[in-house]
Structure formats: structure tokens, C-alpha cells
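Visitor: Read off the chains here:
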Amino acid sequence: MTAPTLPPAPELDLLATDVETDLRRSVRAVLAKTCPTEALTALADGTDDVTAPAWTALARDLGLVALLVPEEHGGAGAGPREAAVVAEECGRACAPVPFLTSAVLATALLVRLGATEPLARLAEGGTAALVVPAATRSATGWSRGAVPRSADGRLVGDVRGVVGLPAELLLVPVDGPDGPALHLVDPGAEGVTLTAVTSLDATRPLTDVRLDVPLEGAGTPLATGDTVTAALDHALATAAGLLAAEQAGIAAWCLEQTVAHLSERRQFGRVVGGFQALKHRLADLYAEVGQASAVAAHAAAALGAATDVPVSVAVAQAFCSEVAVHAAEEAVQLHGGLGMTWESPVHLRLKRAKADHVLLGSPDSHRDALARLIDLPSPTPKAG
Amino acid sequence: MSEQRHDLERRVATLLEEHDPATTGRAEFLRARWDAGLAWVHFPEGLGGLGLPRDLQPHVDDLLAAAGAPDNAPERNGIGLGMAAPTILAHGTPEQHRRFLRPLWLGEEIWCQLFSEPGAGSDLAAVATRAVPDEATGEWVVNGQKVWTSSAHLADFAILVARTDPDVPKHGGLSYFLLGMREPGVEVRPLRQLTGEAEFNEVFLTDVRVPGTQLLGAVGEGWRIANTTLNSERVSIGGQAVPREAGMVGKVAATWRAHPERRTHGAHQRLLDLWVQAEAARITGSRVRQQLAVGAPGPEGSATKLVFARLAQQLSALEVELLGEEGLRYDDWTLTRPEKVDFTGRDAGYRYLRAKGNSIEGGTSEILRNIIAERVLGLPGEPRVDKDVAWKDLPR
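Protein chains in written order, with my numbering: chain A, 1 to 384; chain B, 1001 to 1396.
It is worth saying that the hints were derived from the structure and are not from the lab.
A virtual CB, placed ideally from N, CA and C, is assigned to each residue, including glycine.
Possibly wrong hints are sitting among the right ones.
Here are some chain A residues pointing at chain B (derived, C-beta under 7 Å) [unchecked claim]:
| hint | residue |
| --- | --- |
| 1 | E11 |
| 2 | L14 |
| 3 | V259 |
| 4 | G273 |
| 5 | G274 |
| 6 | H280 |
| 7 | L282 |
| 8 | A283 |
| 9 | Q291 |
| 10 | A294 |
| 11 | V315 |
| 12 | A318 |
| 13 | F319 |
| 14 | L376 |
| 15 | S378 |
| 16 | P379 |
Produce the complete structure using the sequences and hints provided.
Guide: As C-alpha cells, then:
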């Protein structure tokens, strides 16, 4: 085994194209119309008047669900850069749509496996969910958890905390007799129990999945062995890289709203945003938000060029996760009492940012991965 | 654009044909380059340029370097090339252009900057150095003290901001001069800093005479012109793509790799966190550079120095700790006068100490935060108690 060396950085184009700028404008307009604050807040009270119209608008009106589906499978054949624009806008709007989970994560997995029939369903507006715990960062991490098993003619297991449900198709990686296998499971099949749990972030539903399915029903695995592992890693990296764009979007929204609020709010006879203690906090946040946007664009460009993906994604997740949470926490604090209220849109971003912090691997887990990639090994245990 | 490039390439080829660098003396070659308009192509014709877009210059520099041509040693005259020249071009008379720009570019005259004073740091408009006209000779007589002047001991000329009218509020009473550093009454003393060396100087000005022809712009315009100078400082940043782990993070990472026995879990977490932040800063810098290259500078650039300073300080601090007792050694406290500053040079102790200046020099981090908050985010300015008060009546 050779010693790892530092991967050199590719020079990637980080400027938005005209197509991307137009796309951003359309998505922002659609989400502003379909995701009003009151409807998003009502999700936590069990009323969902927002997911279906928002998803329909994205999927049907803008045709964005099949962005990553290749043209030969009936999709748009666009790339991660375009998907990052949509993800970023979903973050800004706190859109409760399954874009990241279905149109990115599940789609990337199916594209990598060349799964024609399921991709055709997604291209027509269907949704799919990858049945793994939400915090899964890599195939290795997944395999060390409580993984469903297929044996003795049945597929059995409990997977807690899955995102992306409800969906029309379940992609279930399992520990099979010959190693990892990926099964397609109909969520309506006998033996599939989906229990919606109360989620910290009501704009991203969380579900516990119980499987006790006869294998005939689950059919032949779509893929087995190392193919599954590699495809899982690819899909998780794609989703993690584009999650960074969502996080950059949340952070940008929080900064803009906080600046707007502090430019209006008066105390002690002054505009509160004129107090230097607050100005300096916002200037620091501005620096972070600008960096998060660049780092997320870099991750999307790396995914698009299929170069430097592991380092770019780990950096993007380690960085943008922290910035989104910091921006949301600053937004709550700097909105004062208002930031603590249920009516304010700020708490929606705090919850989304904190949930995104955990989703697809915490910043700590991404830094751990990075340590191996860039040859900064952890301390070796020593005697004494 | 590509036609301009081709034309430039032809001009470079002609210059190289007529003045083969292998057989032409350095000074002669540089003069020929100036005359060909290839010194700085964005300057006007007749002043070393061709009136072309600024971003064509690196191509010229690359072509000439590849042909083995000598350059004008720009690192020796950073203030002259980066700050004095654009200001003189923007605000000078045709006579001033002819007198000063050519020897400046050729490196025959080195420049320094006389802006900061002991009583005027972040509050630059508070400068107290006085310039008084001598009606008999048409000269100006300058008295005062300047500080943090790099290259003052090497310089032939200085760009100077001095007070010409103490009876108006501070911004309105300043004028901008080109002062001869070899004139009688100019005294330069090294200013030793916490690293032991003296990169900078104090400059004492006692009855120094400046010809009337060396006033730049109009009397009372000093503040506006000084802002041209300070803005060009920002434009001169840019250029090449930066490799991963360039700068301070590379030093710390190398130390980590070289000393497995010194690794701790706490230091590992700090290192990885800082590595990610340094990489984020590098990527952000790439985007700022790409935006500049297409003529669409974004506001992110304003935060670059803020982030750079913080990271340099945190990384260099970590390295001293990582090195254990090796980090307690210091290479040399001798007072030296370095001509070039290398933030990542010397040893870890030096880097730690020198990095403290990064958040002070060229605009403190606190002033930069004010600027971002006010100019980028549009938040209210600081209360100004001195705005409408005559400079001479300000408490000091």
C-alpha cells in the first residue's frame, strides 16, 4: 500500500452560466409562490397544504425532477451544477419537496446502476427514496449499522430515521447472502410498514421503515456486491455535495433576512443594525456565507466534472453544514424575541439547518473522511 | 479580444526581435519595452502602455518571461507600481506623468507611502503633518511624523497626504503630494517590531521643501485622491490560481506529517477544521479571481483579507503548539531590515508573531468589518462626532 498524497486541486469554473441564472430565477419565483411561511409552519401541526403544490410546480411546471436523469432514460440530462441551483433555492425557501432525496440521491443511485425502468418512472414525475438512516455518509458507514438482511426467502429489517418518504419506490440496500444487494420495494407491498415520526425539521419528513417482505415480492436485486457499494458511495457523495448548496441557500437567506430586520428595527432611538457589535457579527457572517456559496459551487462543479469529488464533497459538507447552522443561530439571536416565535420564518431555517447538519454525515464525520484523503492521519495510539 | 491578443503577441515578437534579451543589457531592454507600450498595456500610449484592458498584461509578462527577458523587478517597487503609479495616472498633470511614470516603472526611482501617523491609523483623515505654502518660492514646506512606512530607507519618492487647511473639517483640509525622499529634512528611522526585525520605518519630516509642481491634484483634494491609492491596492491583488495547501496551512500540514509522535486528538480536530477553512478561502479566492477576469467583480473580495488574517493567526498558533519544545526556539531576534516580507518564511515562532500584523496592516479587521457592514450590507455608519468640526478644534 502506498502512502496517500495530497490530491491537487483542479481549476473549476465557479461562475454561474446564463442558463443557471435563469433557472435560479424561475425556481425562486415558483417556490416563493408555493411555499408561504404559514403553510410551512403548519406542517409541524400536521397540516400539509404545501408539499404537493410545490412539488407539482417544480416537477410538472418547471420539469426539474428529472434534471439528473439522462436523456436516454427520458430525463433532462442536466448535471450537478444545475441541480445545485435547485437545491440552493430549496434551502432558501425551506421547500418541503423531495428534490434532494428523490431527484438527487435516489436518481444518482439508479443512474449509476443503469436502471432503465425505475428511471423512466422518475422521469415521469415519480419519486423514490433510499432506505438508509438519514445520517449515512458512505457505504462503509452504512454497512456498519443495523442493515436489513435478505435470507431464507425474506427481506427483513428495521431502518430508523429515513428521509424522502412518502415515495412511490423504495431503494433498499440489504446485506444479502452474497454481500450487499440493492432491492426495489413497492412501499405498498405486504410486510412494508412505514411509520411517520415527528421530525425536528418538519419540512423534511422522517420515517421509520420496517421490512418483513417475502423475497418473491421484492424480486431479484437490482445489483449486488461491489457494484452496490460503489453506486451507494457515488449517490451519497452526489447528494452530500448538493446538500452543501441547500445549506448555502439557507445561510444566504438567514443573512439577508437578518440584515433586513436589523435595518428596520429601532431601539435606544437608533436603527439596531448601526450598533457595531451587531455590524461586526454580520460582517463575519457575510464572509462565511460568501465562502459557503463558493465552496458549494466548487463541489457541484467537481461532481459535474467527475474530478476531485471526495475532497470537494467532504470540504463542502464540513464547511457548509457549519455555516448554515451558524447563520440560522445568528438569525434567531439577532431577531431577538421575534426570532423565538412560531410565526417567524426564522425557526424553520434553524430546524432545517440543524437537521441538514446531521443529514448525510455530520461535519465531524466528513472531516474524519478528509483526514484520510489528504494525508493528515489521526494520532496513532501509543503505549503508556 | 483575441485580435487584441494577436496584436500584442506581434508587438512582443517585434520587441524581442529588435532587442534580443540574450544580447541586450537589462536597462536597455526595459527602456525598449517601455517605448513599445508593453510595460503596462492598460496605461495610455506614450506612457508605457497601449490603452488596452488590464487583464491582457499577464499574457505579455508570460511571453516575455518565457523568452528570457528581464523584468522590472516589481517586488522592489510594490508601492510605486501598485499605488503611486495608478494615482499619478488618474490625478497627475501631463508633466507629472512624463516626469514620474517612466523611472517608476523602470525601477530607477523607488517609491514609498507616507500616509499613517502615530495619531492617524484607522482614522487616516486625521493626519496632522502640515504642508504650508511658501509664497516666495512657490514651494510647500512640510513638517510632521509618518509611521509604518515600508521601503522608506530605499525610496527616492513618496506619496504623501498632508494637512493644508486646519480650519475645515478633517477630510476637506488634506492635499496629496509627491515628496522627494532625498531632500534635506527627511529622516528615516527603522521601526523595530515584535518579531525583532524592522520591515517598516518612522519618517520625520522637518521643513522639507516640495516644489509646487509636485502637488498632485488640487489643494484640498487629498482625501479623494488617497482613496484612489487605497482602492488600487485592492485591484493589484489577483493573478495566478493558488494550489491547495499554499501558504500557512501547508506549513502546519507539513509539520503534522513530519511529527507523528506529536499528534494529539485535540490538535487533529483543530487542524482539520482549519484545513477545511483554508480550502474554503482558497476556493472563494478562485471565484473572486474568475469574476475579476470576466469584469464582474463580486462583493466577496472584501472579506478576503478578514478571513486570511484570522486563518494565518490560528494556523501559525497551532503550529507552535504542535512543535512542542521545538516551537519554543526562535531563529533570530537581531534587528534586520528585510526588503521582502514572507509571512510563511523563517520558523514557526516568527510566523506566529508576524501573523499578528495581518489583522492590523492595510486596514484592521475591525475597520474591514465596518466597511463590509456599511458598504456591502448597507447598515448605518458609525456615529461621527468629528464630521462637522474644524480639524484644529478636534480634541486630541
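Visitor: Hints first: check each against the structure and report whether it holds.
Guide: These are the hints, each one checked on the structure:
no., hint, in the structure
1, E11, "5 Å, holds"
2, L14, "4 Å, holds"
3, V259, "5 Å, holds"
4, G273, "4 Å, holds"
5, G274, "3 Å, holds"
6, H280, "4 Å, holds"
7, L282, "6 Å, holds"
8, A283, "4 Å, holds"
9, Q291, "5 Å, holds"
10, A294, "4 Å, holds"
11, V315, "5 Å, holds"
12, A318, "5 Å, holds"
13, F319, "5 Å, holds"
14, L376, "6 Å, holds"
15, S378, "5 Å, holds"
16, P379, "4 Å, holds"
Of the numbered hints listed earlier, not one is contradicted by the structure.
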